[in-house]
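*Asks:* Sequence order for the protein chains is D and V. Going by my numbering, the residue at position 19 of the first sequence is 84; the numbering climbs one at a time, nothing skipped. Going by my numbering, the residue at position 59 of the second sequence is 60; the numbering climbs one at a time, nothing skipped.
Please keep in mind that the hints were generated in silico from the structure rather than gathered at the bench. Be aware that one or more of the hints could be misleading.
Once the Cα atoms are required to be at most 20 Å apart in a straight line, the calculated SDA-like pairs of lysine to any residue come out as [stated by the list, open to error]:
no. : chain 1 : residue 1 : chain 2 : residue 2
1   : D       : Lys-98    : D       : Arg-414
2   : D       : Lys-289   : V       : Asp-16
3   : D       : Lys-288   : V       : Phe-19
Simulated DEER-style distance windows between Cβ atoms [unchecked claim]:
no. : chain 1 : residue 1 : chain 2 : residue 2 : range
4   : V       : Thr-53    : D       : His-191   : 29 to 39 Å
5   : V       : Lys-10    : D       : Asn-210   : 32 to 42 Å
6   : V       : Lys-43    : D       : Glu-334   : 49 to 59 Å
7   : V       : Lys-10    : D       : Asn-376   : 27 to 37 Å
8   : D       : Ala-249   : V       : Lys-43    : 49 to 59 Å
9   : D       : Asn-239   : V       : Arg-81    : 28 to 38 Å
10  : D       : Ala-263   : V       : Val-14    : 29 to 39 Å
11  : D       : Asn-376   : V       : Asp-86    : 53 to 63 Å
12  : D       : Glu-182   : V       : Gln-77    : 25 to 35 Å
13  : D       : Leu-400   : V       : Asp-11    : 51 to 61 Å
14  : D       : Glu-329   : V       : Arg-81    : 58 to 68 Å
15  : D       : Pro-95    : V       : Val-14    : 29 to 39 Å
For every residue, glycine included, the Cβ atom is placed at its ideal position computed from N, Cα and C.
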Amino acid sequence: MKLTVAITGINATDNPGPGITVARALRAHPDFKGRIVGLAYDTLDPGIYASEMIDDVFLIPYPSAGVEALQDRLRYINERVHLDVILPTLDSELPNFIASVKVLDELKIGHFMPTQEQLDLRSKQHLVELGERADLPVPKTKVVNDVSEIFEFKDLKYPVFVKGVFYGAIRATNINEAAAAFYATVAKWGLPVLIQEATHGDEIDVVAVGDGKGGLIGAVAMKKTFLTDKGKGWAGIAVRDPQALDATRRFVEATKWRGPFELEVMKDEATGEINVLEINPRFPAWCFLSAGAGANLPYACTLLAAGQSVNPEDYSTYEAGTMFVRIAIDQIVSLKDFQEIATTGELIRTLAKNPEL
Amino acid sequence: MNQPQERLKDLAVNDSGFVFDPYSGATFSTNAAGLKILAALKDGEPRANIATMLRDTFEVIEGENDIDRDIDEFVQLLKRNYVVDSDFTLE
Chain D
66 MKLTVAITGI NATDNPGPGI TVARALRAHP DFKGRIVGLA YDTLDPGIYA
116 SEMIDDVFLI PYPSAGVEAL QDRLRYINER VHLDVILPTL DSELPNFIAS
166 VKVLDELKIG HFMPTQEQLD LRSKQHLVEL GERADLPVPK TKVVNDVSEI
216 FEFKDLKYPV FVKGVFYGAI RATNINEAAA AFYATVAKWG LPVLIQEATH
266 GDEIDVVAVG DGKGGLIGAV AMKKTFLTDK GKGWAGIAVR DPQALDATRR
316 FVEATKWRGP FELEVMKDEA TGEINVLEIN PRFPAWCFLS AGAGANLPYA
366 CTLLAAGQSV NPEDYSTYEA GTMFVRIAID QIVSLKDFQE IATTGELIRT
416 LAKNPEL
Chain V
2 MNQPQERLKD LAVNDSGFVF DPYSGATFST NAAGLKILAA LKDGEPRANI
52 ATMLRDTFEV IEGENDIDRD IDEFVQLLKR NYVVDSDFTL E
């Protein structure tokens, strides 16, 4: 398959964006022979310099610059390298990409994203509503816009997690800690803030792709086996947890989710009960495990975005017990590459590497 | 015969005693006697057969070793790690 695929989220830091792992999963598929274009936000995004994964790079405007700025940039990038498919991988940029679907269609750039309605439904502030709609157990969650509301919730059991709308979770063991965490969260992520009762058990995460009609293309469950001090999984193991996989199916059926997502659940092994903690509307940074375990979901998503058909049976099984252990490496970067991206906002390597493309 | 539990049946066990539970991702290690009991439980063997197998395979000194107690302890270990249900009994 010869496609030019643009991928965002190539900020592979200690809290990595998923872009590099999505690119790596495509590279790992024997049928993929295409070109990968990285869309970066910063000149020091590490993925810019991962030339074995990313062929060409363009800087794109931050989401706060708005939809038109993104669309103008995509038009320019498409003129330069002719994109077949685009795979956004970051929560914060998705609204702008979803709002640009018409432009993407005009430019004949394939995509496989959820609708804005689906995106809103799985957002943290609508988790309780989603739980009712999809018959998913979710922890007791309150949406808070003013610190005084925290003191009014008499039925909330501590400890709780105080969460930002997009990212971040601070554990609080009493009302005063929750109030302090509220201010810290507002300062970083804005309003609203979510207060969620802590649940017991082990966290299990599922990466999956929904077909947009209520069906599941594939799903791979993983248990983290080593965490960083930010609570990010640095190692994990593929598992076949029936409750987590069943919750994934129910979520897709209820929302007719289109595209990749990550479902996070907390499972109490003693009772077998699960609670859905959140649903992220994109591939997680550990999604290369799906390729390693035998169900290459980023590749499936790329095919779907390119308008090709995908047989879910090809992604229905995976090898439980497949592990990942992340590694941090220092890339050596030539000043020439840095200069080019810093001054022109783009770095084209394809012609030197492969004149056929 | 006991009806082996699904999770028990799906345990991945290798000859050196490394055990992987694909449902939870948990890994364990066990000795040769544990391997023998696990294999028998996966086959749904009753307690009496498991005890006979252990006697036939290992040097058991009657009076010093209590095979029934060893089997019970092993089953408790499986329960504690959720490999078998808490109400599982070995007939």
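*Asks:* State for each hint whether it applies.
*Replies:* Now the hints, each set against the structure:
1. D:Lys-98 <-> D:Arg-414: Holds - the C-alpha atoms of Arg-414 of chain D and Lys-98 of chain D are around 16 Å apart, at most 20 Å.
2. D:Lys-289 <-> V:Asp-16: violated, 26 Å
3. D:Lys-288 <-> V:Phe-19: holds, 19 Å
4. V:Thr-53 <-> D:His-191: 29 to 39 Å: At 60 Å between Cβs, range violated.
5. V:Lys-10 <-> D:Asn-210: 32 to 42 Å: With a Cβ separation near 51 Å, Lys-10 of chain V and Asn-210 of chain D fall outside 32 to 42 Å, so the hint is violated.
6. V:Lys-43 <-> D:Glu-334: 49 to 59 Å: violated, 20 Å
7. V:Lys-10 <-> D:Asn-376: 27 to 37 Å: At 29 Å between Cβs, range holds.
8. D:Ala-249 <-> V:Lys-43: 49 to 59 Å: holds, 51 Å
9. D:Asn-239 <-> V:Arg-81: 28 to 38 Å: holds, 33 Å
10. D:Ala-263 <-> V:Val-14: 29 to 39 Å: Taking Cβ atoms as reference, Ala-263 of chain D and Val-14 of chain V lie about 35 Å apart, which means the hint holds.
11. D:Asn-376 <-> V:Asp-86: 53 to 63 Å: Hint violated: Cβ distance 36 Å, outside 53 to 63 Å.
12. D:Glu-182 <-> V:Gln-77: 25 to 35 Å: violated, 51 Å
13. D:Leu-400 <-> V:Asp-11: 51 to 61 Å: holds, 54 Å
14. D:Glu-329 <-> V:Arg-81: 58 to 68 Å: violated, 26 Å
15. D:Pro-95 <-> V:Val-14: 29 to 39 Å: holds, 32 Å
Comparing the model with each earlier hint shows violations of hints 2, 4, 5, 6, 11, 12 and 14; every other hint is respected.
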